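Number of protein chains: 4
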Amino acid sequence: MSQVNYQAIFSEIIAELQHADNLGEVASYIPELAHVDANKLGIHLTTLDNSHFSAGDAQEKFSIQSISKVLSLTLAFSLLGSKLWSRVGVEPSGSAFNSLVQLEYERGIPRNPFINAGAIVVCDVLISLLQDPKKELLAFIRKVAGSDEIHYNERVAVSEILSGHRNYALIHLMRDFGNIHNDVEDVLDLYFYLCSIEMSCSELSGAFTFLASNGINRLGGDMIVSPSKAKRINTIMQLCGFYDEAGEFSFRVGLPGKSGVGGGIVAVHPGKYSIAVWSPKLNKKGNSYLGMKVLEMLTSKTESSIF
Amino acid sequence: MSQVNYQAIFSEIIAELQHADNLGEVASYIPELAHVDANKLGIHLTTLDNSHFSAGDAQEKFSIQSISKVLSLTLAFSLLGSKLWSRVGVEPSGSAFNSLVQLEYERGIPRNPFINAGAIVVCDVLISLLQDPKKELLAFIRKVAGSDEIHYNERVAVSEILSGHRNYALIHLMRDFGNIHNDVEDVLDLYFYLCSIEMSCSELSGAFTFLASNGINRLGGDMIVSPSKAKRINTIMQLCGFYDEAGEFSFRVGLPGKSGVGGGIVAVHPGKYSIAVWSPKLNKKGNSYLGMKVLEMLTSKTESSIF
Amino acid sequence: MSQVNYQAIFSEIIAELQHADNLGEVASYIPELAHVDANKLGIHLTTLDNSHFSAGDAQEKFSIQSISKVLSLTLAFSLLGSKLWSRVGVEPSGSAFNSLVQLEYERGIPRNPFINAGAIVVCDVLISLLQDPKKELLAFIRKVAGSDEIHYNERVAVSEILSGHRNYALIHLMRDFGNIHNDVEDVLDLYFYLCSIEMSCSELSGAFTFLASNGINRLGGDMIVSPSKAKRINTIMQLCGFYDEAGEFSFRVGLPGKSGVGGGIVAVHPGKYSIAVWSPKLNKKGNSYLGMKVLEMLTSKTESSIF
Amino acid sequence: MSQVNYQAIFSEIIAELQHADNLGEVASYIPELAHVDANKLGIHLTTLDNSHFSAGDAQEKFSIQSISKVLSLTLAFSLLGSKLWSRVGVEPSGSAFNSLVQLEYERGIPRNPFINAGAIVVCDVLISLLQDPKKELLAFIRKVAGSDEIHYNERVAVSEILSGHRNYALIHLMRDFGNIHNDVEDVLDLYFYLCSIEMSCSELSGAFTFLASNGINRLGGDMIVSPSKAKRINTIMQLCGFYDEAGEFSFRVGLPGKSGVGGGIVAVHPGKYSIAVWSPKLNKKGNSYLGMKVLEMLTSKTESSIF
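Chains as they are written, first to last, in the working numbering: chain H, 1 to 307; chain Y, 1 to 307; chain R, 1 to 307; chain V, 1 to 307.
Hints were generated in silico from the structure; no laboratory data involved. All figures in this text were calculated on a predicted structure; none of them were measured in a lab. Note that the Cβ used here is the ideal one computed from N, Cα and C, for glycine as well. Hints may contain errors.
[As the list claims (entries may be wrong)] Derived CB-CB ranges, DEER-like:
no., chain 1, residue 1, chain 2, residue 2, range
1, H, Glu106, R, His181, 32 to 42 Å
2, H, Glu106, Y, Asn182, 26 to 36 Å
3, H, His52, V, Asp132, 52 to 62 Å
4, R, Gly81, H, Glu106, 32 to 42 Å
5, Y, Ala15, V, Glu25, 54 to 64 Å
6, Y, Asp21, H, Ser86, 35 to 45 Å
7, H, Ala8, V, Pro227, 20 to 30 Å
8, R, Asp37, H, Glu106, 52 to 62 Å
9, H, Ser86, V, Pro227, 40 to 50 Å
10, R, Gly81, Y, Ala15, 54 to 64 Å
11, V, Ala139, R, Pro31, 38 to 48 Å
12, H, Asn50, V, Asn39, 49 to 59 Å
13, R, His181, V, Asp37, 34 to 44 Å
[Stated by the list, open to error] Sample of chain Y residues lacking proximity to chain H, with all beta carbon distances greater than 12 Å (derived):
no., residue
14, Val4
15, Lys40
16, Arg218
[Stated by the list, open to error] No farther apart than 20 Å at their CA atoms in a straight line, the calculated lysine-lysine pairs in the PhoX-like style are these:
no., chain 1, residue 1, chain 2, residue 2
17, R, Lys301, Y, Lys229
18, Y, Lys301, R, Lys229
19, V, Lys229, V, Lys272
20, R, Lys83, R, Lys229
21, H, Lys272, V, Lys272
22, R, Lys272, Y, Lys272
23, Y, Lys83, Y, Lys301
24, H, Lys229, V, Lys301
25, Y, Lys143, Y, Lys61
26, V, Lys229, H, Lys301
27, V, Lys40, V, Lys284
28, V, Lys301, V, Lys272
29, V, Lys229, V, Lys83
30, Y, Lys40, Y, Lys83
31, H, Lys40, H, Lys83
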């Protein structure tokens with residue numbers, strides 16, 4: 001399975017990128033993100049037979065931001081099963097512009113678990129189901145990643161809370177429709193901590209292999225979720241993982257994936273590998289400019305799109 | 001000016017209403033409003049030469065709710081002047097359905113001071129300008145009404161806070177756009193207390209005479225606001241005072257006015273009188289069913305519309 | 001009633017305007033409007049005792065555009081009565097931005113007869129009721145104005161048809177909801193011809209006196225509409241006559257009125273007079289910049305606002 | 001490649017469906033669709049080595065409706081290349097509710113080529129590029145399908161024209177934004193004829209094999225589109241092919257596909273096969289109830305999803 005020489009491909013990609021532009025802007029809405037070195041670039045790929053291929057700053061931790069929403073979804077889905085879909089949809093959301101009106105029109109049910117409103121509902125579900133949600137969610141992520149060195153970044157979380165007015169608007173609107181069952185502050189606290197998690201490309205790539213292998217954790221062989229649930233999560237990533245650029249990413253990369261405003265992208269090739277890339281500059285849609293480029297080069301060179 | 005025999009007209013109206021339906025529903029979103037006697041009916045008219053005409057339960061206090069937004073607007077406008085219009089508009093808002101999307105499209109500037117978002121911004125302005133906003137706002141209302149027996153109803157305010165999720169959504173969205181300058185909880189606290197004020201028709205009618213007399217308080221002769229400001233407030237009432245029924249009220253009654261979900265309506269005939277009516281059952285648009293009818297009968301019988 | 005020396009006031013206004021800016025832009029979406037002399041200024045006031053006061057280019061014809069919607073509404077309302085309100089509302093519409101979504105949300109019923117969708121429905125009503133709608137509508141307008149020298153401008157109408165894509169979108173959406181009963185092309189033909197009518201300030205002022213006198217035509221003493229209907233039309237003008245600037249016009253001028261993108265404005269003081277002003281430059285909301293100024297100066301100098 | 005015994009699997013599926021509900025409603029907005037026998041069921045699968053597997057009414061023609069939008073897109077994309085994406089997007093659209101407001105907000109650029117507005121723009125492109133669009137488009141479809149027995153159904157097309165008010169609204173709105181370059185009637189004529197095409201499951205399955213084989217027509221070996229373009233079309237089908245149910249279809253079936261209100265569904269497994277299913281009853285989202293079930297059973301039994 002790992003006959004492809006990913007290491008050589010990564011070298012080619014890195015070489016070609018020497019001459020490429022690195023366009024876009026680093027996220028600046030909180031100081032902790034704004035101060036990141038814009039020139040960082042990390043790549044890490046993990047195959048299902050546990051081979052590892054790495055390039056650049058692959059061991060350096062960064063703020064994974066919305067990528068973590070895949071992991072909170074995984075935990076909530078594994079605990080609640082398909083009942084989850086009465087609280088949050090699985091369809092793409094259209095443009096960000098519509099977020100509030102769509103939420104109002106659809107009576108407080110967010111379109112999918114990756115838009116902010118949907119990820120907030122997932123946090124609400126976790127608070128209802130867990131004894132110590134913040135601790136247990138982190139423990140779950142550590143288990144999936146096979147690393148105890150994963151932490152919340154409290155300063156990031158607090159910054160997000162202080163600037164998170166729109167998320168407050170969303171949660172109160174959902175509360176008005178009865179789709180938030182717990183204290184608003186508790187739910188947003190978990191949500192902002194979730195977004196503050198820091199991982200390296202190496203850790204992220206490892207953590208996402210279960211989605212490439214029918215839900216099985218490569219490390220211990222545990223089943224994180226059933227094959228059917230893993231497939232569901234992959235389809236949601238494919239359709240909703242890139243804000244308003246799902247079509248563009250699907251075309252250029254052709255794999256289910258999820259991005260974050262910290263500049264990270266994770267993608268999964270079912271049956272083959274998972275990969276994480278990190279480069280902080282974001283295009284206008286909020287996705288890592290070089291991250292998308294790297295993944296596009298990889299799937300072109302390996303002809304490994306799912307389409 | 002008081003040659004019209006309003007007392008005789010009120011007797012006629014009361015007699016005719018014996019045979020009329022009293023349709024609609026009492027507001028029930030908080031228990032304090034739901035428990036009001038649906039059959040209450042009060043009318044009080046004050047002329048500019050300080051003659052008083054009264055019928056029914058005109059001395060009984062009730063929750064004036066949104067009517068109080070005229071008084072908070074008056075205070076903020078008198079303190080801040082036309083700078084206020086950079087924070088809130090003076091145009092009708094169209095349907096309630098659009099409230100959130102309109103607020104988003106217009107980047108956090110509410111269309112007028114009587115929709116919830118606009119009244120919340122007015123409270124934010126008052127908090128910025130006053131030392132002890134809750135106390136000073138009440139003192140202002142007492143001065144305008146010429147009565148020290150006007151109070152907040154704390155139980156109503158607390159109930160509103162507990163069920164006010166949509167107002168929380170609105171204020172956080174405006175905060176995101178930078179149009180809320182103070183602590184969200186402080187602003188909503190003032191807003192909900194404002195809405196909890198209780199007054200009788202007699203007190204309300206007296207309090208609003210300044211809008212019929214170019215801004216002059218009938219009692220002490222003080223100028224509450226300039227003639228130009230009084231005219232501005234009247235035009236806002238005319239265009240925005242009745243939720244999604246401004247056109248209907250303008251046609252049937254033909255006076256600037258403001259209603260509240262407690263079943264009260266105040267209307268002003270510039271140069272002539274102010275009048276308050278109270279009947280708790282609301283039509284589908286949220287305005288007092290009998291209140292509108294009484295005012296329509298009055299302006300028909302006296303041929304006193306401004307149109 | 002005509003004790004006010006309007007002629008002297010007009011002289012004052014004209015003198016003061018020598019030093020005033022004439023800001024804004026002439027409408028340019030069709031060539032016929034774009035080529036108008038931007039410096040034209042006409043004023044004409046007609047009192048209920050048939051006194052006339054005039055200044056500037058008051059006898060020169062111009063494209064009255066949307067002002068004509070008041071006259072088509074008057075005819076449809078006089079023929080159909082209050083059944084008309086099942087086809088079109090009487091409430092302000094909020095911002096233009098919402099026009100299509102509001103029409104969709106409210107299932108094809110326009111908010112009022114002065115937004116384009118509403119005026120189109122009024123034309124549909126006229127086509128259902130009249131034998132030769134274009135001819136009979138013009139005859140009605142001539143009768144109301146007391147002049148046979150009023151005509152459609154065919155070149156304007158044709159230009160409007162060619163550029164009227166958005167109106168086509170509106171009418172087809174309403175057709176989808178069943179609120180257009182006649183052939184789409186026939187209805188829009190009448191609509192665009194209606195908008196192409198040319199009148200002078202003198203003619204317009206005369207034509208609108210019936211709205212200042214309870215529906216009675218000053219000329220022959222005929223009743224054009226009942227007093228109640230005249231009041232209804234005035235309230236619709238007050239709330240909906242100035243696109244997204246109804247509140248601003250109500251405050252600055254304080255009279256029911258209607259503007260057109262040709263630079264004309266008509267306003268009515270019930271019981272006193274009707275007035276027409278024409279100056280082609282439009283402010284950002286699409287209303288005549290100087291026209292609003294002239295009317296504001298007039299009502300300030302005469303202290304004659306309805307508020 | 002055809003080692004899987006699809007024929008046996010189809011037999012199993014047909015047997016299991018004997019006991020299954022056939023829920024939903026046949027499309028009834030035009031009589032030609034309403035009169036179809038609701039119990040029809042056809043299945044046809046074509047592998048890349050040109051093996052055929054068939055069940056039920058697989059040779060019976062039906063109205064393919066929106067499925068044809070994939071073929072018009074293919075022709076326009078092959079002629080215009082990526083310039084096409086300046087006229088129409090490639091992203092999911094969110095709910096149907098937003099169609100008009102989204103089109104307005106995004107200034108006349110439809111979100112993707114499969115929503116009505118987008119398919120209309122594609123027809124506009126074809127009219128600009130072709131001499132005899134209706135004839136050449138049909139010729140292209142016949143070539144791709146390898147059959148001269150494919151026709152427009154004129155009665156269906158005319159019925160669609162007569163009831164297509166909303167499509168008229170869409171095209172005029174896009175015209176207003178300059179995104180329609182040809183005569184509105186000509187464009188809609190092509191659009192409605194396109195939707196009226198009738199094909200059997202057998203023909204449809206054959207026509208879509210080029211999308212499973214990197215753009216190569218299995219029959220003559222011609223390249224219909226480049227591999228990159230085939231991949232792009234597949235990703236658009238994956239994200240936008242099922243109205244507001246793309247996520248649900250992706251999860252349950254896991255293949256790129258496209259449905260039509262005639263009850264047809266086509267799906268493509270890149271590198272393996274294309275399949276067409278037909279059953280007229282539609283679920284609430286407008287997709288064939290049994291069609292989705294058949295495809296779900298097939299990909300479950302063969303474990304052949306792309307995810």
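Checklist entry - Checking against the hints above, which ones are violated? => result Violated: hints 10, 23, 30 and 31.
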